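S.K.: Sequence order for the protein chains is A and B.
Counting in my numbering, the first sequence runs from 48 upward without gaps.
Counting in my numbering, the second sequence runs from 492 upward without gaps.
For the record, the hints were derived by calculation from the structure and aren't laboratory data.
Treat the hints with care, since some could be wrong.
Dumping the calculated DSS-like pairs for lysine-lysine here, alpha-carbon to alpha-carbon at most 25 Å [to be verified]:
1) K570(B) / K631(B)
2) K652(B) / K697(B)
3) K745(B) / K826(B)
4) K303(A) / K284(A)
5) K697(B) / K417(A)
6) K226(A) / K215(A)
7) K419(A) / K126(A)
8) K469(A) / K403(A)
9) K731(B) / K711(B)
10) K200(A) / K226(A)
11) K126(A) / K469(A)
12) K466(A) / K570(B)
13) K419(A) / K697(B)
14) K711(B) / K126(A)
15) K570(B) / K419(A)
16) K275(A) / K247(A)
17) K417(A) / K570(B)
18) K631(B) / K888(B)
19) K417(A) / K126(A)
20) K576(B) / K631(B)
21) K99(A) / K731(B)
Pair ranges (Cβ atoms, derived) [to be verified]:
22) E892(B) / P415(A): 47 to 55 Å
23) K493(B) / F169(A): 56 to 64 Å
24) H494(B) / F169(A): 29 to 37 Å
25) N155(A) / T816(B): 30 to 38 Å
26) N155(A) / F588(B): 26 to 34 Å
27) D801(B) / Q387(A): 43 to 51 Å
28) A882(B) / F169(A): 38 to 46 Å
29) R276(A) / R630(B): 54 to 62 Å
30) N155(A) / V517(B): 48 to 56 Å
31) K417(A) / E544(B): 45 to 53 Å
32) N566(B) / Q117(A): 44 to 52 Å
Some chain B residues close to chain A (C-beta under 8 Å, calculated; not the full set) [as the list claims (entries may be wrong)]:
33) F572
34) K576
35) L578
36) A597
37) N611
38) G612
39) W895
40) S896
All values reported here derive from a predicted model rather than from experimental measurement.
Cβ atoms here follow ideal geometry from the backbone N, Cα and C, with glycine treated the same way.
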Amino acid sequence: MLNNHLRILVILPMYGGSLPVGRFCIEALTDLGHTVESFEAPEFHHAYEALKGLKVTGDRLEYLQNSFLQTLSQAVLAKVETFEPDMVLSMAQAPLSHQALKRLRKDNVTTAMWFVEDYRLFTYWKSFAPLYDIFAVIQKEPFLDELKSLGVKNCLYLPLAAHPSFHKPLNLSSVERRKFGSDISFMGAGYANRRVAFRKLVGHNFKIWGTEWDGDHVLEPLVQMQGKRVSSEECVKIFNATTVNLNLHSSIHSDKLVTGGDFINPRTFELCACGAFQLVDKRTLMDEAFADGELATFASMDELMAMIDDYLANPKQREQIAQRGQQRVLREHTYAVRMQTLIDFTTEQIPDWPIKKESKSLFPSHFPEKLKEDINELIHSLNLPEDVGFEDLVWAIRQQQGTLSDLETAVLFLDEWQKIYKKK
Amino acid sequence: MKHYLVIQLARFGDLIQTKRLIATLVARGDGHVHLCLDHSLAPLASLVYPELELHSIAAHRTGVSREQAYFAMLNGNRKTFARLKALKFDEVYNLNFSPLNFRIAALFDPATVRGHFWDNGQEVSSQWARMAMQWSRWRKLSINLVDFWAYYCRDAVAPEKVNPEASPHGENIGIVLSGRESRRSIPLDLLAEYTTAIARINKSAKILLLGSHTEQNAGKNMHRLLPSDLQNRTENLAGKTNWADLIEVVSSMKRILSPDTGTMHLAAHLGTPVTAFFLSSAWCFETGPYGNGHTILQATRNCLPCLESDTCPHKTACLEGFQATDFIRFMITEKSTVVPNGINAYQTQTDEFGINNRIFAGTDPDQASRIEFRRFLARHVGLNTPLSNNAHHLAIKMYREKDWSVPRAEESRHVL
């Protein structure tokens, strides 16, 4: 573990779908034994939004927003300077400017972007992709070719995933089952194709969860919690409490309800990890992620309608498919697996990465046993691996909130003393 | 009963220069004052500040191995840290802008810490500390370090109460060989000439050479450079005095001649008259002797004060004034008509704000600006001084936008 131990700075976006993905990446990297630090951009979102309340001219607002984002980029650079990561991993929409990315490249800091968005809709990747050392995406051709044509050397197909310690089977109370359960449910935003598709389900025991469903008088009675945002924790309860979870990938077009698109959304993996049954629209990249019998897929609305009735009547079949899907996801489609893939890819593609650092062992020779016990207890309380190096122990202590203990303070003091007097 | 903690991890001179702050906390009479410092200075502190409770730690480089350092920090320091944390201090004065000080501050609630504190893993310096960093860019103005540290408290004791007025305590003359930075010291051959001249007019005086063990050889060489008749009444005490001996020796002197050293500050603390030589990076407006009645001979050149860490591109030209033919005559007579070029002479005196060096020979083009600046700072710390003429300009220079927009009650607002 010690040899492959990395320092990774994850740059979260201020908001949006890639935010929970970023948080799962942080947990997965930590579980893999790496020292992970996050740049908490969401904490700046309110201030950014407040600029919109100024009611100033458009060009002024533009200027202020850009200035604000430049400040955030500077904050990221400061964090990099202090933390000295082996990799800066940005999630889509991370507030990292062109200038900051150029600076990181100049400073020989390896950067990676996991672009967990549809490249056809979020077209800004053309501007940023060449500035990252690694650009990981959830789609393949022609996106990968297009990236290469822009000069992006290290493109990686890295589909979304689930985080099993979060997306898991739950024992729900009867109250929770009543609240979150139904024969059929859909959890997600009210995209155009979904609004049209789900009209056919009115009359079923069907609940719709999520935002952006307003203005649809037909579906409105089915929308839960007045269309408020559903937390990730509540999502897992919905997945667990529902007999048939619908998973219809989004489209901004209403003329084709089942689009047959390429990427697999995170809900597909999350539902599987929960051991929940889902009916999901067929995607072109699904065959390499799931085998027959691991997912129940549909290619048209007619097919979906028929499958709903079949599976509602067939609990055994539901259970078998859900179980197989769950096993596949837990084995191959977790964030831990994705992060390991990213690290392995970076090792292959970037020469001499990660840069070898001299890591001091925690205990010099003849170290008193009692002191060793106390430090091991501290390591345990900080959830660090037993073979943690001195530098990573120091960093973990620095992350503590509030005042520090005498031992924590002594470790930090020793670290600085060594730096001052170069006793390394 | 309240508990106050002062964290002073710097050197000998800094420990003595913390006196006005310590005196202020003691004068409050409502609590117990503690001092955290390096092990090496604890014996001195127990003599200089007998009323304080000392908590010494390993902070300075002491030539220990990595293993020894680990044990000293994680065992010894840790025990002290545990004691400090348990004392739940009402106010902590964390004085040094050093990573070590920031880390110790992690023990304490940041709301109780003045100076440099630790806020959930973030190093933060209070407004007064930041202002000092700002004015350190205009060192020609500056204020004495003793006053800077004292004004972490708005109820700082009167400057004249800090040290006794300078007055001779005996016959002997002390010569301090050099400070930690040799460029800031007078070369031995020159010092021997000064010593000879002083000795000639103090015929019954013993000449005592003072310094640490690292100056023992310098003391021997100096001894050799003196005329033979003076050698008989000169004693090289470098490296031979412990703290108690040094205090005893310095406290019974007529005068000491010294560059900017800890011993110079000790003499000021004891009220022994000082003739201080300031050149190179040493700047008397920052670290001059504190108290009434000391003499400072300050080199003047456009490049002064310089930075200790920079190499001198002028071959230490600031020494020229000290090498001038008239220098010794001036040093002895203090007649302004014979002051050599490149030297300003000051008498130390206290005013309402702190130490104020009064020029009595030479020219000081920055004096007016310095007076304005002191008035500005005096207003800042709550003294009822008139508004300085360029208050707006100084305020722009000294305050940051965030001081105005997001003020934090950092410094002590203790009001009697």
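S.K.: Look at each hint and say if it fits the structure.
M.R.: Evaluation of the provided hints:
no.	hint	result
1	K570(B) / K631(B)	violated, 43 Å
2	K652(B) / K697(B)	violated, 31 Å
3	K745(B) / K826(B)	holds, 20 Å
4	K303(A) / K284(A)	violated, 30 Å
5	K697(B) / K417(A)	violated, 56 Å
6	K226(A) / K215(A)	holds, 19 Å
7	K419(A) / K126(A)	violated, 31 Å
8	K469(A) / K403(A)	holds, 19 Å
9	K731(B) / K711(B)	holds, 13 Å
10	K200(A) / K226(A)	violated, 49 Å
11	K126(A) / K469(A)	holds, 23 Å
12	K466(A) / K570(B)	holds, 22 Å
13	K419(A) / K697(B)	violated, 56 Å
14	K711(B) / K126(A)	violated, 53 Å
15	K570(B) / K419(A)	holds, 15 Å
16	K275(A) / K247(A)	holds, 23 Å
17	K417(A) / K570(B)	holds, 14 Å
18	K631(B) / K888(B)	holds, 15 Å
19	K417(A) / K126(A)	violated, 35 Å
20	K576(B) / K631(B)	violated, 40 Å
21	K99(A) / K731(B)	violated, 72 Å
22	E892(B) / P415(A): 47 to 55 Å	holds, 51 Å
23	K493(B) / F169(A): 56 to 64 Å	holds, 59 Å
24	H494(B) / F169(A): 29 to 37 Å	violated, 58 Å
25	N155(A) / T816(B): 30 to 38 Å	violated, 59 Å
26	N155(A) / F588(B): 26 to 34 Å	holds, 30 Å
27	D801(B) / Q387(A): 43 to 51 Å	holds, 50 Å
28	A882(B) / F169(A): 38 to 46 Å	violated, 54 Å
29	R276(A) / R630(B): 54 to 62 Å	holds, 56 Å
30	N155(A) / V517(B): 48 to 56 Å	holds, 54 Å
31	K417(A) / E544(B): 45 to 53 Å	violated, 27 Å
32	N566(B) / Q117(A): 44 to 52 Å	holds, 47 Å
33	F572	holds, 4 Å
34	K576	holds, 6 Å
35	L578	violated, 12 Å
36	A597	holds, 4 Å
37	N611	holds, 5 Å
38	G612	holds, 5 Å
39	W895	violated, 18 Å
40	S896	violated, 13 Å
Consistency with the previously given hints fails for numbers 1, 2, 4, 5, 7, 10, 13, 14, 19, 20, 21, 24, 25, 28, 31, 35, 39, 40, ordered from lowest to highest.
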